[in-house]
Amino acid sequence: MKRMVQILLVVLLGFGLSGCFFAYRAPVDDGATPVVDRQPRGLPGYPEKIWTDAPDDNGQAMPLASDTFVKLAGRANPAVVNIFTETNIRTRVGDPLGLFTIRTPNLDFNANALGTGFLISPDGFLLTNAHVVASADEVKVYLWNESEVKTAQVVGIDRVSDLALLKISHSKPLPFLQLADSDSVEVGEMAVAIGNPFGLNHSLTDGLISAKHRRLHEGKAGQYEDFLQTSAQINPGNSGGPLLDLHGAVVGVNTAIIAGGQGIGFAVPSNLAKEVVPHLLSYGRVRASYIGIEVGEVTPDLAKRMELSEARGGVVTDVIAAGPAERAGLAKNDIILAVNKTQVHDAAALARTVSLLIADRPAVLTVLRGGKQIKITLTPIMAPADRETGRK
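Offset between the sequence shown (1-based) and the working numbering: plus 71.
Since the hints were made in silico from the structure, they are not lab data.
Any given hint might turn out to be false.
[Said to hold, decoys possible] Cut-off 16 Å, straight-line C-alpha distance, at most; resulting in silico cross-link-like pairs (EDC-like, lysine to aspartate or glutamate):
(1) K345 - D254
(2) K283 - D417
(3) K443 - E378
(4) K345 - D124
(5) K120 - D194
(6) K120 - D208
(7) K221 - E157
(8) K243 - D194
(9) K403 - E381
(10) K221 - D208
(11) K345 - D252
(12) K345 - E397
(13) K412 - D124
(14) K446 - E381
(15) K283 - E257
(16) K221 - D194
Given the sequences, and given the hints that come with them, work out the whole structure.
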């Protein structure tokens, strides 16, 4: 009987009826190990700031010498790691029309992928892209000398910013990279990408900061985008690697390219990483905050009327009754220029920055009201809806 079914299978496929018999991804209930909860739990108990900020003088221009890139590679390469992931794929051959009386077989195989990451602390915390590790069953980290391979713990994942925090154990302090102030980066500055493109580990490419505040998915719900655009070559396998200034400090996390484009790559700004990491460390995910306002863009005309040198910040268009903003005295038509020490570029940046505040921790807003700057302190609360839905 089994052989007859096998022959029938071949005949059906031979006559082009494969649409009635197809493979699909499905849960396999065979009494084996239950599906693993892939959402990390964080590592509460660590200080929230596990990275080191680059010195302020990193914002100054650096003379370009013949050995500039040689020195930069020597400083940065030991802190850059290659990431290899393994994911078990379990599929079942489906029988939607009920043509067969036997149970269709399970097909199991392992899928492998590669990416890049970089250490941000001597005790083994490292950053990479969420899309590199989000579906992995096992994450292996290859250190600079490649004689040491570590199994990494996924501490936290945020798919919205495409950032993930990993942790490896080591018997001695590890080399790490400092995080620069990405807001101070200027278009036209030189930048260097280091990564593992196509498995070619620790490949270094150079280019320029081509643009700031780039968005790739206009209007996509829940997607916070404020990319740095760079002409430094980024290829598959570079994901999660550092984008560096000439001092060797991280200005961004390489994350995306445009298919078919050359010299067009994108990186998550380091300042966004600084906002996301405390959430990933404490909770394993971003727990979005809410202050109870609606905001709009500051137009050039409004900026001129308010005597702003440029159109920046977000203008409050509505204040939600009984929310944190109303209780703190924020008013309609206020222009929010900064949240704590983070300058606000536009309304989208304001939404992102507010969302990444820690709930129940006071925050200071720099507000333009009636031509004068004032400070307003408020305490955000946890957002009433899940961040990844895009609802606030």
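Here is how each hint holds up against the structure:
1. K345 - D254: holds (12 Å)
2. K283 - D417: holds (12 Å)
3. K443 - E378: Holds. K443 to E378 sits at ~10 Å (cutoff 16 Å).
4. K345 - D124: Holds, at roughly 9 Å.
5. K120 - D194: holds (13 Å)
6. K120 - D208: Violated, because 28 Å separates the two Cα atoms, which is more than 16 Å.
7. K221 - E157: This hinted pair holds, its Cα atoms lying about 14 Å apart.
8. K243 - D194: holds (8 Å)
9. K403 - E381: Measuring from Cα to Cα gives roughly 21 Å; hence the hint is violated.
10. K221 - D208: holds (14 Å)
11. K345 - D252: Distance of about 10 Å is within 16 Å: holds.
12. K345 - E397: Not satisfied, since the Cα-Cα distance of roughly 28 Å exceeds 16 Å.
13. K412 - D124: It holds: about 14 Å lies between the C-alpha atoms, which stays within 16 Å.
14. K446 - E381: Status violated; Cα separation ~20 Å.
15. K283 - E257: holds (8 Å)
16. K221 - D194: holds (13 Å)
In terms of the numbered hints stated before, the structure departs from hints 6, 9, 12 and 14, listed from lowest to highest.
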